[in-house]
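Enquirer: What follows is the residue order along each chain.
Protein chains: 2
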Amino acid sequence: MSTPVSSSSLYVPPYVRAQLVEQQRCLEQQTEMRVQLLQDLQDFFRKKSEIETEYSRNLEKLAERFMAKTRSTKDHQQYKKDQNLLSPVNCWYLLLNQVRRESKDHATLSDLYLNNVITRLTHISEDSARLLKRSKEITFQLQEDLMKLLNELYTVMKTYHMYHAETISAEAKLREVERQEGRVKGVSGSGGVEPVFGLRIEERHQRRNAARKMEKMREKRKAKYSENKLKTLKARNEYLLTLEATNASVFKYYIHDLPDIIDCCDLGYHSSLSRALRTYLSAELSLEASRRAGLEVLEGAVEGLDPARDRQRLLGLYPTAFCPPARFSFQAHMGDMVNQIAAQPQVQSELTLRLTQLQTRLATLKIENEEVRRTHARTHTHTHTHTHIQTCTPTQTTASDTFWFLFSVMLISETGGLKIIPATNNKIRKAQRLPSEDLLEYGELWDGLCKYG
Amino acid sequence: MSTPVSSSSLYVPPYVRAQLVEQQRCLEQQTEMRVQLLQDLQDFFRKKSEIETEYSRNLEKLAERFMAKTRSTKDHQQYKKDQNLLSPVNCWYLLLNQVRRESKDHATLSDLYLNNVITRLTHISEDSARLLKRSKEITFQLQEDLMKLLNELYTVMKTYHMYHAETISAEAKLREVERQEGRVKGVSGSGGVEPVFGLRIEERHQRRNAARKMEKMREKRKAKYSENKLKTLKARNEYLLTLEATNASVFKYYIHDLPDIIDCCDLGYHSSLSRALRTYLSAELSLEASRRAGLEVLEGAVEGLDPARDRQRLLGLYPTAFCPPARFSFQAHMGDMVNQIAAQPQVQSELTLRLTQLQTRLATLKIENEEVRRTHARTHTHTHTHTHIQTCTPTQTTASDTFWFLFSVMLISETGGLKIIPATNNKIRKAQRLPSEDLLEYGELWDGLCKYG
Numbered sequence: 001m002s003t004p005v006s007s008s009s010l011y012v013p014p015y016v017r018a019q020l021v022e023q024q025r026c027l028e029q030q031t032e033m034r035v036q037l038l039q040d041l042q043d044f045f046r047k048k049s050e051i052e053t054e055y056s057r058n059l060e061k062l063a064e065r066f067m068a069k070t071r072s073t074k075d076h077q078q079y080k081k082d083q084n085l086l087s088p089v090n091c092w093y094l095l096l097n098q099v100r101r102e103s104k105d106h107a108t109l110s111d112l113y114l115n116n117v118i119t120r121l122t123h124i125s126e127d128s129a130r131l132l133k134r135s136k137e138i139t140f141q142l143q144e145d146l147m148k149l150l151n152e153l154y155t156v157m158k159t160y161h162m163y164h165a166e167t168i169s170a171e172a173k174l175r176e177v178e179r180q181e182g183r184v185k186g187v188s189g190s191g192g193v194e195p196v197f198g199l200r201i202e203e204r205h206q207r208r209n210a211a212r213k214m215e216k217m218r219e220k221r222k223a224k225y226s227e228n229k230l231k232t233l234k235a236r237n238e239y240l241l242t243l244e245a246t247n248a249s250v251f252k253y254y255i256h257d258l259p260d261i262i263d264c265c266d267l268g269y270h271s272s273l274s275r276a277l278r279t280y281l282s283a284e285l286s287l288e289a290s291r292r293a294g295l296e297v298l299e300g301a302v303e304g305l306d307p308a309r310d311r312q313r314l315l316g317l318y319p320t321a322f323c324p325p326a327r328f329s330f331q332a333h334m335g336d337m338v339n340q341i342a343a344q345p346q347v348q349s350e351l352t353l354r355l356t357q358l359q360t361r362l363a364t365l366k367i368e369n370e371e372v373r374r375t376h377a378r379t380h381t382h383t384h385t386h387t388h389i390q391t392c393t394p395t396q397t398t399a400s401d402t403f404w405f406l407f408s409v410m411l412i413s414e415t416g417g418l419k420i421i422p423a424t425n426n427k428i429r430k431a432q433r434l435p436s437e438d439l440l441e442y443g444e445l446w447d448g449l450c451k452y453g
Numbered sequence: 001m002s003t004p005v006s007s008s009s010l011y012v013p014p015y016v017r018a019q020l021v022e023q024q025r026c027l028e029q030q031t032e033m034r035v036q037l038l039q040d041l042q043d044f045f046r047k048k049s050e051i052e053t054e055y056s057r058n059l060e061k062l063a064e065r066f067m068a069k070t071r072s073t074k075d076h077q078q079y080k081k082d083q084n085l086l087s088p089v090n091c092w093y094l095l096l097n098q099v100r101r102e103s104k105d106h107a108t109l110s111d112l113y114l115n116n117v118i119t120r121l122t123h124i125s126e127d128s129a130r131l132l133k134r135s136k137e138i139t140f141q142l143q144e145d146l147m148k149l150l151n152e153l154y155t156v157m158k159t160y161h162m163y164h165a166e167t168i169s170a171e172a173k174l175r176e177v178e179r180q181e182g183r184v185k186g187v188s189g190s191g192g193v194e195p196v197f198g199l200r201i202e203e204r205h206q207r208r209n210a211a212r213k214m215e216k217m218r219e220k221r222k223a224k225y226s227e228n229k230l231k232t233l234k235a236r237n238e239y240l241l242t243l244e245a246t247n248a249s250v251f252k253y254y255i256h257d258l259p260d261i262i263d264c265c266d267l268g269y270h271s272s273l274s275r276a277l278r279t280y281l282s283a284e285l286s287l288e289a290s291r292r293a294g295l296e297v298l299e300g301a302v303e304g305l306d307p308a309r310d311r312q313r314l315l316g317l318y319p320t321a322f323c324p325p326a327r328f329s330f331q332a333h334m335g336d337m338v339n340q341i342a343a344q345p346q347v348q349s350e351l352t353l354r355l356t357q358l359q360t361r362l363a364t365l366k367i368e369n370e371e372v373r374r375t376h377a378r379t380h381t382h383t384h385t386h387t388h389i390q391t392c393t394p395t396q397t398t399a400s401d402t403f404w405f406l407f408s409v410m411l412i413s414e415t416g417g418l419k420i421i422p423a424t425n426n427k428i429r430k431a432q433r434l435p436s437e438d439l440l441e442y443g444e445l446w447d448g449l450c451k452y453g
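The listed protein sequences correspond, in order, to chains A and B.
Quick note: the first sequence uses the UniProt record's numbering, first residue 1, plus one each step.
Quick note: the second sequence uses the UniProt record's numbering, first residue 1, plus one each step.
Quick caveat, the hints were computed from the structure, so don't treat them as lab data.
A couple of the hints might just be wrong.
To be verified - Derived DSS-like pairs: lysine-lysine, alpha-carbon spacing no greater than 30 Å straight-line: (1) K61/A <-> K104/B; (2) K133/A <-> K69/B; (3) K47/A <-> K47/B; (4) K366/A <-> K252/B.
From just these sequences and the hints, can you work out the full model?
Expert: Structural data, given as structure tokens:
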């Protein structure tokens, strides 16, 4: 597109001409930058879409790899049967589901970039180009008009100057002829007093002619002068009015038209770009939401980690291993009618003796038991201060159970036999020793756990 | 570890023995599954950590690539200078920042997996192994005790049966001797009436001896019998008591001890696993939070897309191009004192004529102007119904400005000249034509925009 300068005469002040060219350059530059930005955005989203796809594929592979592995396990068969899993296995499955979900979401994201965001951006840059073309046409037209105005201003000024110059010269000529006429009059006047002989009549006749000529000349010059004066007046008026109009339109061009041209270039740019970016944002945000939802489900499963329920489930899973056998019944010998303890006088005393011995044993064991409980309570608090974690409590109860059953085992292994033999003394000592020992062991274990607990 | 069966006699019912072995197998299997799960979790997190690292690296590359590109641009220099950017460029920068942020966050995530989650899991599986060892020891001990009890039960039962059998035989023997004694007594009684000569004294002597022997024998057998009866009584009592005790301890083993052993295996497993998974969860959630925060910033920037402010900024950026030139002043010709419009009688009429002509022109233009406004309003609503988007409003105002300035340009190019010449009639027609034409163009453009708006 040719610059306005070319088409117009050179009466336009050069600095104005330069500015007009500069303005078109700015518009072009602006749109170039805009198109460049849009291009960058498209490249950016294209590349990011690739990255997302790859990420999604990797996650999918990861989930698939472990899913395939677990599908074969007994747990999974169980899961398919009654949906009832050991709580840690449940967490594991949900973890894999979460990865799968993330994979899907990132795939969607990548797809959205390619098929929505980028498309929008392409359209926007096409429109920017179209709008620039249109705006430049408008600018060109406006600048053309401005040029014409400026040239016109120059022309009318020149006209005014020319007419004024002519007026000046016309006035000078008028004054000149007036002076000559005056001199002629003066001569005829002076020579009228002393009569001279011979030529007096012809002379008088000549003088009268000259005076008449002079007067005609003056009239002609006077007319010329006033005609020029009127021309000047009109030209000056024209010049002044044009000057006003030009200043007005120059002002309008700079203050109103130029901003409007820029707006014309911007037409729809911001809103379309905003829509494109909003699409990107909403895609990202819904990915967030989905991810968060998945994590919350997983969080629930972690909350639901429950040793007691898992133990029950284990017992249920292996009934043959854990269901108690039938009670052992009394096998009477042939024809023996008696099937309960008989306390005839001959055995009475012995039974009583054994009873008292058992009672004393029981008393001692009760005391030891109390000691064990106290020691355990201490260890409990000790470990607790190390862990600072509420979730430990069930485990600690378990520990207490363990000590108590270790201890009661000793007790039953004593009483079960229902006889006191020296050998059992070791067992008793063992019963006294074991729990506290275990306490130490568990104490260490706890400290161990606490290190990364 | 040898099974309890080996160490004990074979008096234990085989189904019980099988069950005890099964129990140990279950515990081992349980721990194996657990260790396997923990192993899977570690592999999973190791692999995911790799994926995250790669993802993070790709994002970093992406951001860096465009950052480097923009750093060189004039905009960026400007940005560094006054932090004032065209709103779209601002969005672009924030978009890159967001990607960078995501890259950092995913790197952190990967790091957390490696150095925290996986470590925890390793420790847990070590502990599981340690606890299994300890639990199996306890189980072994408990089962040993149970075996002893069962063997003991068997023994006391056998003892009771033996003694009872002896008692029965002793009783039989007693009855036998009593019968013989009776027969002897009968013989001596019958032969005492008729005296016979010669041998009678020796015979009587022999019979008395036989009777005495018999009696001694009976006494002996009787004592033996009652001794056996007492033994049987004691053995039966022993058997009955042992039976009770055994049933009690079997019950205790199955109902209390086995669950406790399982708890002993579980000691701390659930709580440590929960802590490990919570670490993972909190890492993921803080990544979410950071990402969301970044997106909100970006959302703010998109909100702030503002054509008006950008236009002002552009005008400010190129002052030389857009600042209006000085007013053109009146250039008086040499010695001309008059510098304003003079209305001498000779030009008066002409000026008035022109004034009226201008007024009529202005009136027509005003009417055309109104028409244009109406047409534009219609197009405005038309496009609006097509877009349904609030964000368009600024743009539409822009459009209206554009029409208005296109129109006013025509107006000034008319009035500016301050003369009526036939040539301008085209211009007037143009002024009437242009806006509506443009309206169509913009209408199309809008429909275009709306297609993906």
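Enquirer: List in ascending order the numbers of the hints, as given earlier, that are violated by the structure.
Expert: none
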